[in-house]
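Residue numbers (the working numbering), protein chains in the order written: chain X, 1 to 610; chain V, 1 to 452; chain Y, 1 to 325.
For the record, the hints were derived by calculation from the structure and aren't laboratory data.
Where a beta carbon is used, it is the ideal one built from N, C-alpha and C, also for glycine.
Hints should not be assumed to be uniformly reliable.
Said to hold, decoys possible - Stretches of chain X that chain V covers, calculated by requiring three or more beta carbons in the stretch to come under 8 Å of a beta carbon on chain V:
id	segment
1	272-283
2	403-411
3	434-447
4	583-589
What the hints assert, rightly or not - In silico lysine-lysine, DSBU-like type, Cα no more than 35 Å apart, as pairs:
id	chain 1	residue 1	chain 2	residue 2
5	X	LYS364	Y	LYS244
6	V	LYS118	V	LYS105
7	X	LYS364	V	LYS89
8	X	LYS574	V	LYS334
9	V	LYS118	V	LYS89
10	V	LYS215	Y	LYS172
11	Y	LYS244	V	LYS334
12	X	LYS574	X	LYS518
13	Y	LYS244	V	LYS133
14	V	LYS256	X	LYS518
15	Y	LYS244	V	LYS100
16	X	LYS574	V	LYS256
17	V	LYS2	V	LYS118
So you can see what is in the structure, the chains are spelled out below.
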Amino acid sequence: MSALNSKPLLRVNHLSVQIGAGRPVDDVSFEIKPGETFALLGESGCGKSMTALAVMRLLPPAARLTAGGVTYGDEELLALTEAEMRAVRGGGIGMIFQEPATSLNPVMSIGRQIEEVLDLHLGLRGGPARQRARELLEAVGLPEAERRLDEYPFQLSGGMKQRAMIAMALAGEPELLIADEPTTALDVTLQAQVLDLLKELQLERGMGMLLITHDLGVVERMADHVGVMYAGQLVEVAPREQFFANPAHPYSRKLFAALPERAGRGQRLATIPGLVPALDVKHTGCRFTPRCSEALDHCGNTLPEWFGMAGAQQVRCHLFDPQQVGLNTVIMSAPTALVEEPRVASSGPLLEVRDLQVHFPIRKGLLQRTVGHVPAVDGISFSLAAGRTLALVGESGCGKTTAGKAILQLIAPTGGSVTLGGQEITGLTGAALQPLRAQAQMVFQDPFSSLNPRLRIGAIIAEGMQALGQTENMAERIAELLEQVGLRADMATRYPHEFSGGQRQRIAIARALAVNPKLLICDEPTSALDVSVQAQIINLLHDLQQKLGLAYLFITHNMAVVDYLADEVAVMYKGRIVEYGSADDVLAHPQHAYTQTLLAAAFSPLRGAA
Amino acid sequence: MKFVLLWSDLLFFLLVAICIGGAWWAYRSPQLAASWRQVGASRSGVAAATVLVCFVLVALLDSVHYRERLPAQPGADAGATVQYAVEVKSALDALLSKQKTNTEKTYSAPLATHLFAKESRADGQGRDYPRLKFGGSHLADPALSEADVRERATFGLIAGLSIWGFLAFVIRRYAQPRAPWFAWNALIWTLAGIVVIVSVVLALMPYYHVFGTDKVGNDVLYLTLKSIRTALMIGTLTTLAMLPAALLLGILAGYKGGWIDDLIQYVYTVLNSIPGVLLIAAAILMMQVVIDAHPEWFATAAERADARLLSLCLIMGITSWTGLCRLLRAETLKLRELEFVQAARAFGVSGFSIMARHILPNVMHIVMISVVMDFSGLVLAEAVLSYVGIGVDPSTISFGTMINAARMELAREPMVWWSLISAFCFMFVLVLAANLFADVVRDAFDPRGRAA
Amino acid sequence: MLTYLIRRFLYALPILIGVNLLTFVLFFVVNTPDDMARMQLGAKRVTPEAIEKWKVERGYDKPLLWNAPAPGTDKVTNTIFFEKSLSMFAFEFGQADDGRDILNEIRTRMGPSLAIAIPVFILGLWSAISFALLLVFFRATYLDFAGVVLCVAMMSISSLFYIIGGQWLISKVWHLVPISGLGSGLDATRFLILPVVISVIGGLGGAARWYRTIFLEESNRDYVRTARAKGLSELAVLFRHVLKNAMIPILTGVVVVIPSLFLGSLLIESFFGIPGLGSYTIDAINAQDFAVVRAMVFIGSVLYIVGLWLTDISYTLVDPRIRLS
């Protein structure tokens, strides 16, 4: 890289941030050269966004910078006055946020929001400003730029909003761009486009970029250097190639191992036991110790120093202490194979969906008459045998969740038929539907809203049994279910807020299993979870299927999970199934153009290597 | 003696019981306990709650009503029916019997020994300020009153300080170690103020009209203390009256949607569209007609005044439930889409159970917040309504009737300021405490506030 | 957008009908005209003839809903419901107990009411928003804390005390302006200053605290962080971004009361002896003049509904999401 020898654009020195007793950022140092991308990688709550806000001096009022420095060019940012700092924000350093839907001012036109920056940092006003804003919108690939200038954020789609956001960040002609999870809120196909755009713009302008992400795929695609953060500390810094060829820190290695695409089908995913430590815990040693499978005796009480490895790779782990010769060659244990039990012999399909339609009415005019329909689900058909997994894949808004709810009659379908265990269930209501409710249950996406915060875990799990009259031995059943999903029986008396996201998802699974269903509809059950936790849940679902012969209708947008779990795949696009077949066929030889785009966009850091 | 349970007493006791039951429930549910703990840890919250508890105690005392047994008629045989006095008294009246019965002729200043206005002397020798019948009547020489007041006040102060010292010691020694998170300091310092003021007043009360007397010679302190019950009744019973309707309709509208939602929204828009004061005025005027048309319904004047108080609560409830109903509807709309409700629906749980098990407990914090937030507004509203003439029965003692009676006194020369000032002080302290408490409760229970 | 506004306008009709029915039930069904007559005449003078005379004078002697003996359309029109309730839609309110035409009275009293209500509204809004912005600008400092305490204390004082205290202090102790009454022309301002100032101060605490909460809520949003990341100064963020978004919730509470300004203020007008609609209403309530109260209820709700409609219009001006969809 040409910029390799030039002076760093941004240098973060031993930066620490304190909130109350907690230290979300603790002694973080790294540097970014012009034209280079440094990726901060970590799971939620590890302090990566806080680091970025600290660089911009935009920390929330409760947070304080307690130590360290940030040098931008030749300036020490922490020593600037607020007025001088304002010139750096937007002028020297631009920033893009995760959620384009809320990060733009809803009542100000896109043009005005961009012109505001132009006025502030370049002194452009009126005609020239508008001209420049239009050029910027064109540069970020927003079609019909002239018209967009006068539009408001709500008139743009998610991807367009993020492009407008990028245009705004670029308007001040910054030398450094901070992108905080710039694509997390976007669909896979859009993610690829936005990342490509960022890369292009970076090359064009020679900008440095601080990229904050939890996604190894994004890192692989974008970064020159990678910094892995865990619980407020950087634990590994390395050039991308070296990081991907040989991740050193046990945490980094586990992150790779937990990716579904790493393990072949029928193998368990590696998981990281335990949880990320709470913010206010005082650490004396390495923070990863309690979850580390290779921890040494002194890991828990001595903070490791940085140890250099080949090239520029550096790692903060005692295993790489040159004095502990021989240990640094530890290699991840190979994934353990799952015992594949013979699948339940299927006697005809368990679930049969024919031409299912859900149309939402559009009301207009004075009397709110129905003038048309939005076909959310527009005639989909598939069948699912007992003990098998069908993945329903598609992007947000394609109707996959609506389809799942319509199958369970949570939303009344407007047409088509759903047969469950040979019985037609569309049109059934009330008591007639009850016996069928026991056969099919649902696991939802958001572990935080899927459990009633006011009920104890036991009561949550008991709800279905009570509603469906399966009240024999309820207490024992609840205990058994909790153990089945990897929790302890005594947790039944606790409340949801005491559990982490992954644990809550286990409880939600136990709740669904309580009525002995044959079919589970899983609506993105892992998309709100961190990679390491996602692996735990996927393993659990896999085990349960083996043991109980469950059929899964797996609704997801994550191709890696599909690849790992599904027997069959149905690809949904705008309310229709555009491709349907066995997982091997569809993933290896996608026929439909949309499936191809989807697969191409779903970059997997290990696809090439595996 | 025969106990009389007025409807408002019953409801008020019921409300106190609900609060105690609610506290027990909150104690058992960890989230609620955590929120209350936050209230308990807040200094302004504890101070405000202490003041409010004192007001509630006064109101409770004033809610134990009875009718005295009249002495048996001489010559009547033992089997004759016992006669009871027509007047309904409360426990507070009994405690303040000196203040209640020893009325003066007209105005007298606080702690005065003489009337405020000159009168012709009994001996016909010009005009003079006559001695009070009660205030300072134990003194042979009224000129000594200043020294006497000082002496008694000092005694009260010392007694108060020692009682406070004892209380503070007990709290520090026994209560504080058990719950170190609680804002005990705030409690102790608030108690200091309350105990000292109360004991000074108590020391002077048997001998003087501490806050003076009003136009017809009633003791102002007595009037002010009696007003507390009315204010608390209005502030709490109104909420109690509107709560069931607001909860039921709000949740129903939000959860069921469709025509039920349209109908409920229509009803509350209609009620909302009539300016509150006018609706209350219209309803009270009509209620007045009903009460006047049926004198046989009420055995005593107290019962009639009580009916009027309750109907005022009810009517204010009807005009004010719409706000809470709308909030609950909006929140239910949000909750309805949440996944735990969807999960319950996937089990075929009935709509009623979902509303009762999943929605109701999750909107209770809104109810809680709006109840405490509304309280102070209602207390203030009572004063205005009573002033306008559509508030409580004119015979009911309330801040509103006191202010109404006193408002022209500032124009007198020399000015009569004490009844207005005492009504002002008590009302200000009550409403301020309620407002501060409401703020703390809202911060503790509103999930939005916690994020900020 | 036009259909939206028309729809909202049509939505008002059933509400007015609802109000009309409600007042009818309240005034004529809960109590019969006989009850009202008895109460008005007082216990002593109640004779059947007196009641009958009282009812005839006011036109309350007709059947409530259905006049069976009357010919033709009179079956419907010659009833209390038609003459007293439905006629309000044509703004015919009949006569007050003192024999004056209510509509006429309302017309002449509107002026003084507005003379107070409009300045109070404008000054009150302006001062509350400025105060709230000031507090938000200094948020999380002692100034903010002191400001909030001041607001809560001001909220805790009954409006009666503001009026009584203000009258006493300014008119009686300092002798600055007259205590009550209303002059004509420019002279009127002398009489109006005090009630306006008192009303503004009386409403300041609650309003400022409420606006502060709205501003704070807005300033915690993501787009505000974006605006700061652009390098905008705190003032620019506050005025250009926060204020404009906060106007949406503020408008909900503010615009709806604008038409009701016509009704004036009950307390202020009666304390200061201003011959507006507020004091008219109070006098009617005290005199138990049912016809006037009924008329004011109806006018009040008409004005409120106009307010709702104005709120909808103002949304379309401020919020592009409504304007453009």
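Go through the numbered hints given earlier and state which of them the structure violates, listing their numbers in rising order. 1, 4, 7, 13, 15, 17
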